[in-house]
Structure formats: C-alpha cells, structure tokens
Amino acid sequence: MELQHINVKLLLGKPEQVDLDPLIPIFHEWIQDQIWDDLLLDVADYRHVHAGPGVILIGHEGNYSMDNTGNRLGVRYNRKAALKGSNLDRLKQASRAALRACERLEADSRLQGKLRFNAQELEISINDRLLAPNTPATREAVKAELIPFLQELLAGSDYGLSFNEDPRSLLQAWVKPLQAFSATALSRNLLPA
Amino acid sequence: MKTSNALWKQRLSGKLPESLADEIDIFETEVALKKQGKLEDRVFAETRLRRGVYGQRYDNGQRHDGKKVQELAYPNRELTKGPNTLWDAPGMQRIKIPGGGLNASQLETLADLAEEYSDGIAHVTTRQDVQLHYVHIEDTPTLMRRLAAANITTREACGNSVRNVTACPYAGVCPDEAFDVTPYMRALSRFLLGHPDCQNFGRKFKPAFSGCSQHACALTNMHDLGFIAVKRSENGQEKRGFEMYVGGGLGAVAYQAKLFAPFVPPEEVLPLAQAVARVYARLGEKKNRNRARLKFLVQDFGIERFRELVLEERKNLPPDPRWTEYLEDAEKFQEEPLNPAGQQPAVGSEAFQRWLKTNVRPQKQAGYMIVTVSLPIGDITSNQLRALADITRRFTRETVRTTVEQNFVIRWISQSDLPELYQALEAAGLGTPGAGTIIDIVACPGTDTCKLGISSSRGLAAELRKRLAEQSFQMDEAIQNLHIKISGCFNSCGQHHVADLGFYGVSRKMSGYAVPHFQVVLGGEWGHNAASYGQPVVAIPSKNIPEVVTRLTGCYAAARKNGEGFRDFVTRIGKVEIKRLLDDLAQPPADPTDHSFFKDWGDPREFGLGDHGIGECAGEVISSTDFDLAAAERQLFEAQVLWENGDVEQAGKTAYQSMLRAAKALVKAEYSDVGDDPDEIVAEFRARLYDTQKFFDPYAGGKFAHYLFAAHQKAGVPHTPDSARLLMDEARLFIEASHSCSNRIEIPVGI
Ligand code: SF4
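As you go down the protein sequences, you meet chains L and Y in turn.
According to this note's numbering, the first sequence is numbered sequentially starting from 1.
According to this note's numbering, the second sequence is numbered sequentially starting from 1.
By construction, these hints were calculated from the structure, which means they are not laboratory data.
Predicted model only: the values in this text are computed from it and were never measured.
No false leads were mixed into what you were given.
Under the rule of at most 20 Å between Cα atoms (straight-line distance), these lysine to aspartate or glutamate pairs were calculated in the EDC-like manner: (1) Lys599/Y with Glu29/L; (2) Lys67/Y with Glu29/L; (3) Lys466/Y with Asp21/L.
Given only the sequences and the hints, what does the whole structure look like? Please build it.
Written out as structure tokens, the structure reads:
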C-alpha cells in the first residue's frame, strides 16, 4: 500500500497552561523568514471553534499547526503534496517536520517554556480516505508499515500502538512510547545514519 | 495535489448523476488543457468560477509579510489559472446548497472533504453556501465528484451565472409563512442550473424565496429575483402564489428590489424566471462589469418598461414541461418528524435555559421546535459536521438547513427531546446560546482569505464576539436583540447594509500610516426581508470598533423611548448626534508611537506598510490631500443629513459637490492651480488620474471614477429620493477610492 499525505501530531503536556496568542506572530515570522525549505504561505486562526484545527500555518507542501482536534492540543504537520520514496521515507519526512516545528516552538521565549511535547503520545494519520480507508484490513497493513518506522523513531524501545476504530475517521494510529522521549531526542533518532 | 485523484475517478465511475459526471469530466479536461497552456487565462478563469473554484488572497504570488512584499516561491510560477493568478496558489471552493438543505450523509461528505482537501473547516456563507478554503486547483475535480456522489453540485456557484437559490431555513415549519416554499425553490434551482438562457449574463444572478414578508429569513429585497409566498382566495378557493421582486442587490451600491407582480401563480414562477433571465442576458450590460447586475438594468429601464419586456419575452417562450411537472408534488410536500410530538420539560440547568431562550423556537406544528446551531463566524469543524450528522439521524429525518446568518437549523425536534439534543450539541461544542442575538455576528471572509478585503472582518467579529459573549446575558434585552454584520470591504458580502450595526472595511491614513478602518453603517432593517438599508456615519479605526459598539449600545439602552427599535432610535437621535458621540474615536492615537492602531484584529503585521516611509515623528505631518478628503467626507455627511430631513434636492447636490471636492483633492496633488469650476476639475481629473490609470483600483479598475463622470453629466437634473440616495452611495465609494488612491500614489507632504 502507498501511504501519502501523512499527518503527525505531537501531543503537548499541560495544554491548559499554553497561551496560544503568541503563536500568531510566531507563525507570521516563520513566513517572513521562510525558515524552512518548504514554502510557507499564511496563518489561519480557528481558535474560535470548539476542539478544532487551532492555529494553522498554511504551507504549500504541508501545513503546520497547533491543533486542538478532539480537544487534544498538539503540534501537527499535515503533508499535502505527494512525496516520492518509500512509505518509510514519507513517515520520516512528516515526523521530522512535526518535530522540528515542535522544537522551534519549545525554544521560543514568547511561549515561556510552557509549550512542551508530552514525551509520550503521538498521533499518526493518513489524510486520504481512498489510499487508507479506516478498515481493519488497512489498519493491519499500516501497522506493518509503522513497525519498522517506530523501531527507528523510538530507538528500539517499547511502545503501545492502537488505532481509532471509528470507520468515519481518517486512519489514525496512536503511539505511546513506554519510555519518555523529548522532541529533540526523537529528532535525533531520525537523523540519517 | 492528492495522489488519489485518479483513483477516485475510477471509484466513482457510474455512481454520479450523469449530468454532473459529464460536467466534471469536461472541467477536468479543461484543467488538463490549461496545464498544457492550451486555454486562455480569462476563459479558464470564468470556466473554473462557474464551477465554484475561486481565487484566494495572495494568489498572485505576492504577500506583504509585515516587513516587505514577499514573492511566494511556488514551484511553478509560470503556470496560471487566470489573469495574475498562480496555479499552485490555494483557492476557495464554493459549494451550492439550495435553500441550505442538507442531509446527514451530505454533512459527512462535507466533513471528509474539509479534512482531506482544505484545513478541517467548512464555512457557512451568508447565502447558505458552504465554502472550503486553501484548496488546490488540481484537487477540485475530485472534490466535485465526491460531492456529486452525495448529490451536491458546485456548478454555477460563482461566475456570471445563477447562484445558489436561497430560501427561509424555516420553510415548512414557520408559524408565519403562507406556505412551504421549499419545493418551488428546489424546482427553480434545478430548472435554472446550466439552463442555456442563463449562460450569457454580464454578472451573477441571485434568486431567493421567502415564506412571508414580515421576517428577514430570505432577504428577498436584496436579491436579483425574489419570491415571497402569498395566498389569495379565488372563487372561494385558497390559491398559492408569490409576490415577485426584481433588481435588488447589495454590492458597492445597494438597491432595493422592485415589485414586479403582486401575485404570480406557481405555474408562472419558472417561466417568468426564465423570461427575466433572457431579458437580462439580452439587454444587460456586458462590457462594464460595474453596471452589469440586473439592478442596473431595472433601474435604467424603470420597473414598468422592464416588466413589459419580461412579459413580452414570456409570451414567446416555447412551453417547457418542467414549468409545471413538479407542482402536484409541491402542493403535497411536507417534511415529516422522526419522533412523536412532545412537551417541553419545565426544568433544566441555567445553561440549558439560556440556550432554550435564544436558540429554540416553536414550529407551526404543535409539539415540535426549531433549533438553531450557532456557529462562530460561520465556521464548523469536520468532527462537528459528523456530530451534526449523528444528531440529525437521532432526532429528525435528517432535515438540517444552513441560514443566511451563517448557522444551521435543525427542525422537527420533538419538544421532549430538547434536553437530550442539547446534551448532544454541547458534547460537540455546538450548544452555544445566543443565536440571532448581538453575539451572533455575521462576517464575510475579509482579509483572511478574500482578495478584495481591506480590513479584517473575521478578526473584528471574533474580537466582538469574545467581548460581547462575556456580558451578553446581563445586557438589556433590547441590546441583546441587535444584529451586527461586518464586511471586509464595500462589496457587502457580510450584508452590513441590513444590520442594526453594520461595518465595512476601508483604509485611511493617520500620522502618515495606512490604518485599517471600518465605516460604521447604522439603522439597516433586517426584518421585512431586509426592507431598508443602513447609512454610513463615520469611518473609525478598526481597533476602536469595540468601543463604538459599547458606546452605541450603551446610548441606545439609556436613551431609547417606549421600546423603540434601534433603527427608529438612530433616526430620532440623528446622524449628527451619533457622529458627535463617536468623533473622538475617529482620531489618531494620542501617542503617535502607539503602533497597535496600525495593525488589524488577529493580524500582527503592520497594515499597508507599502505606504510607510515617514519617520516616527511624522504624526503631525499631514498632506492637504488628507485634509481635503476629510472635508469631502464631511460634505457627504451633510448630504446624508439633508436627505434624512427630506431635502432631497440639496442632498443630491451636496453629494455631487463632495465628489468634486475629493476629485479636486487628488488633482491638486499634481496641479495645485486647479480652480473650482466643476468642468475643469472633472477634465483635469480625467486627464491626470483616470487616463493615466493612477486612480484605478487593482481590482475595481476605474469603476468609481465613472460615478464622478456620471454625476457630473447629470448635474442639474432634479433628484428623486432614490436618485439622491444612490448618488450618496456612489459619492461614498468615490471618496473611499480617492483615499485608496491617495494611499497608493506618492503625494508630497506640504502640498
Ligand atoms: S465584502 Fe469584500 S472582503 Fe468581504 S468577501 Fe466580499 S469582496 Fe471580500
């Protein structure tokens, strides 16, 4: 199976303490400085909707956001453009993108050190219902793709893996490392050998 | 952009209504041809617009990032999807929802599409459509296929075509309606969709149906074609029919629709609409877009002549079985409840009681209620759409409708189901009270995504909503019931003309900086299908608008007499007094280094930095152009006061003079010796600002200059109340355009 349009979300610790107001100027600055090699376009603020997409930095290749879907606040990367390579490559790309955004936000003094990856929960979704319908068969197939990836991401340590089984949902995996990893540690694990 | 696009085509093959499938195949081919450079930009632009595929802000590949204009480095900067519109730039997809009617599986489809192709949000518009933003053009054929599979079309959602046919969301359940307009609305929508007589319009064409004349639900007065249900007795039998209106419209200059016929029998609704379409296609303006709406044709001919033309056309139409084949079912049409009628529970939490008070109203069918699901500025998430689908399945036969106030209504709720329904809505974050009150603010997309936006209508709406929500339940009831509507520019998509408190975005220079402002428009009438439009009072910096709302509502609560409505209050107090109340808020900040004024709500970028170049102590340095434009505004204000006092003739003359003054202000920047002779001012304006295109707006071109030329040509012609009011509206736009022109062109300080 081909996995494209992968989303990775890193759940935050103590989300109630995070003030989201500074995110707006921060994301605008990222556009001003075009901080990465993908093209950053605009900021969309949806904090007024309940348990919604939060604040989104719209990009051409992918969106970065402080996402609150399901009332679970986290740093999310949503890959929009198709990517060449293997499924493993694509899982790594999306994870690296989410991690670098998270690390950068963690280091931004305007967020007063309150925005932190909770070190124990990631969501990985496939944002395409045709490539990856949320059925038992696809979940099994995706699980097979995730295992080598998670082996690398979590440096061989143990983790829990479960799936959102609502058939209307995107195919969505919940990964819970048994050992705490910082965003930086996870990034390091994904560095090319 | 999606890898699965080709697979969807296979997957849905044979599963779409044939006519829609063909349409989408054609569009997909056109997308491919455009990619190969085989279609001309303008042709492709109109092609995609007619499928609801719109441009979005920054799609010319440039964006002011707060420091500089940034070239957005899209992978393919050569490929375009219209004039000055880059292929890869994200766009907006408008989706037609006739009468706002959706069923549960359609809600789920919208949820999936918002998640997969947009940003997880569906946006309900002021014409009952749904819009998705940040969509890539290459995904649109798939998106359309998936919609078509759910029996939804985007065809003719934009472009010079028949737009979504709107209707009261309470049709069929409203205690005040003459009868349910739903089947007639649906029939007209189907009939005009892709109709050959509707393919050659100079502009868009918007129809609406209302079940009664006293409420606002369908706003027929501001539509090109409006039908209001009426009944009359013929030979002892009650017969259904419609009052038919033509030529209404908001936009830059708002027109009230004119009564075409007091009673049109149902069998004549479709043929008369077709005849109107034919007359419009044949005689409507085509070259000058700014005068191409039906309202101008009706105005130019006069309603009597226009009526004659349409009736003549009607006589010559070849008969079409579709005109009447739906009528038998239409008479019998009736939505059914899922659950038996019940009784309203007497108790409940305080939150439940609040919600009951504002979001629930009785149906005409005993034991059932209509529930409004209030959406903040029309936004709903994919998960909420799915929750709403579940709710409609659980409590109704899937009848849910969007409203022109950017909400949903659920009908046929058994009264005894209300507590459970409230719980289900609450769990999905959809149980917010305050529907139809001052916190239920309507706003167009504005600077968030619209290419024409000047000020941040959504940013302001979110801010006002936040502030007002905190106090709303302590507010005087009269204040609670006011309506606020906000447009990002004069084009009125937020319908600011028909609000108690309306605002539309303009820009002004303050202390040498361009500052986002909103023009305050007061006293519009939301009731009686938008029976009259509000009038602009004064432009106020965006950051002061919350204070404007506080002062105006406070003043209203304190000084209203005998339960008078806001509109009557504004008329009684008078514009002069209201302007005086707000005048200090129009001034620049006392501290010239206070840059918060130069930013809009929700946007940390300084507004219009391209106009900067003046140092921090530039606070005191103002060009005489700015002074002269301010004087022109004052003069226009005087014209409005004269008009309100019934001095129509003098109002028209003063409005014309205000235009001359603004024109002279701009001319003077280049030619300081210009005199006061109107002929000279207009000739100099034409030569220096119009012919050189310096006055041209990037989007509206020279449109507003034509208002001056026409006013000059007609100077001396006596005014009617209508002509003076239209001239004042045009003068307002001309002065706004002069401000923008002054912001764009370098005007030396000291001139
Ligand atoms: S009113 Fe202006 S800013 Fe708002 S959507 Fe319409 S054109 Fe755009």
